[in-house]
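Produce the complete structure using the sequences and hints provided.
Number of protein chains: 4
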Amino acid sequence: MSELIQFREYSKVELIDWMPRADAVPKDRVAQAARVSSGTEGHASERANTGLLKMLQRDRHGSPFEHVVFTWRVETPIFVAREFMRHRIASYNETSGRYRELEPLFYMPPRSRKLVQKGKPGAYEFEQGTDEQYEIVREHHEASAACAWHDYQAMLNAGIAREVARNVLPLSIFTSFYVTMNFRAFQNFASLRWAHPAAEVPTFPLYEIQQVCVGMESDVDELCSEMWDNFNNEGRRPV
Amino acid sequence: MSELIQFREYSKVELIDWMPRADAVPKDRVAQAARVSSGTEGHASERANTGLLKMLQRDRHGSPFEHVVFTWRVETPIFVAREFMRHRIASYNETSGRYRELEPLFYMPPRSRKLVQKGKPGAYEFEQGTDEQYEIVREHHEASAACAWHDYQAMLNAGIAREVARNVLPLSIFTSFYVTMNFRAFQNFASLRWAHPAAEVPTFPLYEIQQVCVGMESDVDELCSEMWDNFNNEGRRPV
Amino acid sequence: MSELIQFREYSKVELIDWMPRADAVPKDRVAQAARVSSGTEGHASERANTGLLKMLQRDRHGSPFEHVVFTWRVETPIFVAREFMRHRIASYNETSGRYRELEPLFYMPPRSRKLVQKGKPGAYEFEQGTDEQYEIVREHHEASAACAWHDYQAMLNAGIAREVARNVLPLSIFTSFYVTMNFRAFQNFASLRWAHPAAEVPTFPLYEIQQVCVGMESDVDELCSEMWDNFNNEGRRPV
Amino acid sequence: MSELIQFREYSKVELIDWMPRADAVPKDRVAQAARVSSGTEGHASERANTGLLKMLQRDRHGSPFEHVVFTWRVETPIFVAREFMRHRIASYNETSGRYRELEPLFYMPPRSRKLVQKGKPGAYEFEQGTDEQYEIVREHHEASAACAWHDYQAMLNAGIAREVARNVLPLSIFTSFYVTMNFRAFQNFASLRWAHPAAEVPTFPLYEIQQVCVGMESDVDELCSEMWDNFNNEGRRPV
Chain E
1 MSELIQFREY
11 SKVELIDWMP
21 RADAVPKDRV
31 AQAARVSSGT
41 EGHASERANT
51 GLLKMLQRDR
61 HGSPFEHVVF
71 TWRVETPIFV
81 AREFMRHRIA
91 SYNETSGRYR
101 ELEPLFYMPP
111 RSRKLVQKGK
121 PGAYEFEQGT
131 DEQYEIVREH
141 HEASAACAWH
151 DYQAMLNAGI
161 AREVARNVLP
171 LSIFTSFYVT
181 MNFRAFQNFA
191 SLRWAHPAAE
201 VPTFPLYEIQ
211 QVCVGMESDV
221 DELCSEMWDN
231 FNNEGRRPV
Chain V
1 MSELIQFREY
11 SKVELIDWMP
21 RADAVPKDRV
31 AQAARVSSGT
41 EGHASERANT
51 GLLKMLQRDR
61 HGSPFEHVVF
71 TWRVETPIFV
81 AREFMRHRIA
91 SYNETSGRYR
101 ELEPLFYMPP
111 RSRKLVQKGK
121 PGAYEFEQGT
131 DEQYEIVREH
141 HEASAACAWH
151 DYQAMLNAGI
161 AREVARNVLP
171 LSIFTSFYVT
181 MNFRAFQNFA
191 SLRWAHPAAE
201 VPTFPLYEIQ
211 QVCVGMESDV
221 DELCSEMWDN
231 FNNEGRRPV
Chain Y
1 MSELIQFREY
11 SKVELIDWMP
21 RADAVPKDRV
31 AQAARVSSGT
41 EGHASERANT
51 GLLKMLQRDR
61 HGSPFEHVVF
71 TWRVETPIFV
81 AREFMRHRIA
91 SYNETSGRYR
101 ELEPLFYMPP
111 RSRKLVQKGK
121 PGAYEFEQGT
131 DEQYEIVREH
141 HEASAACAWH
151 DYQAMLNAGI
161 AREVARNVLP
171 LSIFTSFYVT
181 MNFRAFQNFA
191 SLRWAHPAAE
201 VPTFPLYEIQ
211 QVCVGMESDV
221 DELCSEMWDN
231 FNNEGRRPV
Chain S
1 MSELIQFREY
11 SKVELIDWMP
21 RADAVPKDRV
31 AQAARVSSGT
41 EGHASERANT
51 GLLKMLQRDR
61 HGSPFEHVVF
71 TWRVETPIFV
81 AREFMRHRIA
91 SYNETSGRYR
101 ELEPLFYMPP
111 RSRKLVQKGK
121 PGAYEFEQGT
131 DEQYEIVREH
141 HEASAACAWH
151 DYQAMLNAGI
161 AREVARNVLP
171 LSIFTSFYVT
181 MNFRAFQNFA
191 SLRWAHPAAE
201 VPTFPLYEIQ
211 QVCVGMESDV
221 DELCSEMWDN
231 FNNEGRRPV
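If you're matching them up, the sequences are chains E, V, Y and S in order. Under our numbering, the residue at position 46 of the first sequence is numbered 46, and the numbers go up by one with no gaps. Under our numbering, the residue at position 130 of the second sequence is numbered 130, and the numbers go up by one with no gaps. Under our numbering, the residue at position 185 of the third sequence is numbered 185, and the numbers go up by one with no gaps. Under our numbering, the residue at position 232 of the fourth sequence is numbered 232, and the numbers go up by one with no gaps.
Just so you know, not all the hints are guaranteed correct.
In silico negatives: residues of chain S with every beta carbon more than 10 Å from chain V [stated by the list, open to error]: (1) S11; (2) K12; (3) R47; (4) R60; (5) L105.
With a straight-line Cα cutoff of 25 Å, these simulated DMTMM-like cross-link-like pairs (lysine to aspartate or glutamate) come out [said to hold, decoys possible]: (6) E/K118 with Y/D59; (7) Y/K120 with E/E41; (8) E/K118 with S/E103; (9) V/K118 with Y/E103; (10) S/K12 with S/D221; (11) E/K54 with Y/E101; (12) E/K12 with V/D23; (13) V/K12 with E/D28; (14) V/K118 with Y/E234; (15) E/K114 with E/E83.
Chain E regions said to be covered by chain V (calculated; three or more residues, Cβ under 8 Å) [what the hints assert, rightly or not]: (16) 10-20; (17) 107-116; (18) 132-143; (19) 171-181; (20) 192-199.
Please keep in mind that the hints were generated in silico from the structure rather than gathered at the bench. Glycine residues also receive a C-beta, built at the ideal position from the N, C-alpha and C atoms.
Below, the structure is given as structure tokens:
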């Protein structure tokens, strides 16, 4: 196997920026926007805002949450990026296999990744694989990455355009993207992409996108802990 | 006429917040997001970014501009808010006539507002009205505001709900809203809402929404002057 | 009061068109689109589709519902149109007070409309008004419509542009619009705009927009009765 | 190489359904929706509508075009689907590598596909490859497909879940999806995804997505020829 090829067992999520910044913390901006409806922008207090935010989450007054916006940079395999970008209320820019030669970084499932699926569509359960099964997964992830990378390089060396040569690369190759998403859209994302015990409606996300979601939630929880508690306390139902 | 009633000849636009803030100016964030596609995030320079931004605007690479986001607070008559909120790639919270008693603040066209329409749909031209015509406009804006406000108050005093009483208020009454909109969506807004000499495609906006657009563009130009020059130089064609 | 002025106590909702039409009923198109994910497009049966549709609604698999699309023509007062058009996942075209002279048709609350509001924001309750209160509502709706229409006509007769003269018209004047909305977006609309006994999450819609929603639901129920039952049975939670 | 593996040199585009159907052809529905603004719904004629539609396209009155909606079923390689689904004003359902075992159908560039890229980002040009280069492309597309399919099957045979095994499959494997998109969103798609001689603003689409776009345009042109002529005559600038 090529010396160059590397494997990574996890995605990276980096918070790049967020709004509001000027003179408000996120929960106060949400409260401020909500208060324009009742003409009480000047009457905010810590305690009153806490109650208001609970009510907004509980009664599905979703629009004030849209004024809080995050930008992340995500490094993840293409099969995760494909699922992620189905979320349309967001802005994306991603590494292009047309504009650059891709890097030989591939995803390898970690040993803790459940490998065996039971049940039928809509009600799958997953079980830990045996050591033998995990070895098979490792072996074939390595073999196919090596094979694909060889074919990719051979075409590039023959002067073939990157956008043709990349066709042979596997879904496990890493890509990078920026995503900007508001707090309301993120509630929807989180409600679907983490099989969280607090969730009222069950969801069956792919393990690898759940890992990305966990990373994003960690940032959201740090910046907006009170609002994130409200989300969890209301059964992770998107507002 | 009621002592309480007030008229205002203009809208107010206040920039509340924007993104990016953490460690980037807007143009550098756009360049950063764009560079992920070619793997050149680390190769940015002032000069290289300037060229990149021109190319992005010229060739309609719109998505990187979406990571720059603004929040404004706008005070404007309802007939302007109605047009504004047809722009769907944005987030809004507005004063509610259900949740609060509205204030007796009404729009009065300024003397400089052209009053007389010539031509046919799709090709209107406007001309300055005579002093007599302007007096007629003033008189009837005052009379109808006084009449409507009297009816509104009479119903409120009789214990009628605000959401019923407000039906009688005119489109000229002021409302307030927060709007969060990204730089790309704002290009579309500006392309339609200002009959600007640099525009390639003619547009015929309402005078009063153009005034709001002028105020917003002033903020955008201050924060993103280079990108805004590019927009104007490319004929104000939204990217 | 002018002979011309008319009042109407209700909105009109007319279904103009819908999709699918070619060779599928709505539920079969939803099932067909959903089945592409599991490669079972060819294995549909009446019974299997019924189970599939229940599962899609219950587990929030929302995207297949987006391939069912409706177009309505709505006649309603401006204060209702304002709320309606806050729903952004939809397409609108509306009567313009710039492009035409409006018609003297105004909304009058019907006797059955509850007039008195109790409680505080987020938890309002409404009670029937007395006959005296209803008379006050009638009187002031009539007076303000007459007053506004007089001012509007006086300005038009003086050669003032329609787009200036219309400022004085009240929120109760009727407007007409076309709206195209998919089945998933309509679930969200219905979940917020009808205080329906089957709703899990309480909502407090304006009486007049609920009437519009009731009309639209009647069409949806007729065309998609099985799917609409599923929506109601799952607590009217938008998918 | 496995007997099972198949290659296909083209994508398939099948028009499944469209709206309007009830009692209007597409251009008449667009005109009808546009006419609500001027109160001339009853005054339509073939000739008047023709002029109106030209004006709508020319002056960027885009919203009436949104009431015309198409559903297609597309079979295309994953690397094309990835680009396609960046178009967010649309509805998608796609084959899932989690819910089904994928089929061994892979993309092979046709001989006519230009293989050699000259120039730099933003201004690429492509040239026909030599016979030798094309042989190299064929050989490595075949080799990598065989290698990946072998690894995929080996994992499946060892009881590994489909959603893990599929990681090794290449971007060239075919996927299928339903897409529902309105006429306005399709104008944007077409403006970016076909390097068409009538285009005012140059675009540099991937060859394979242009082939998909050509297929879709053929359907749109058949159903909406007059509107499609207007789009082309106005420089393929999205409305």
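A quick look at each hint next to the structure:
no. : hint               : verdict
1   : S11                : holds (23 Å)
2   : K12                : holds (28 Å)
3   : R47                : holds (16 Å)
4   : R60                : violated (6 Å)
5   : L105               : holds (29 Å)
6   : E/K118 with Y/D59  : holds (18 Å)
7   : Y/K120 with E/E41  : holds (17 Å)
8   : E/K118 with S/E103 : holds (21 Å)
9   : V/K118 with Y/E103 : holds (21 Å)
10  : S/K12 with S/D221  : holds (17 Å)
11  : E/K54 with Y/E101  : violated (46 Å)
12  : E/K12 with V/D23   : holds (20 Å)
13  : V/K12 with E/D28   : holds (22 Å)
14  : V/K118 with Y/E234 : violated (56 Å)
15  : E/K114 with E/E83  : holds (19 Å)
16  : 10-20              : holds (count 5)
17  : 107-116            : violated (count 0)
18  : 132-143            : violated (count 0)
19  : 171-181            : holds (count 4)
20  : 192-199            : violated (count 0)
Hints 4, 11, 14, 17, 18 and 20 from the earlier list are contradicted by this structure; the remaining hints agree with it.
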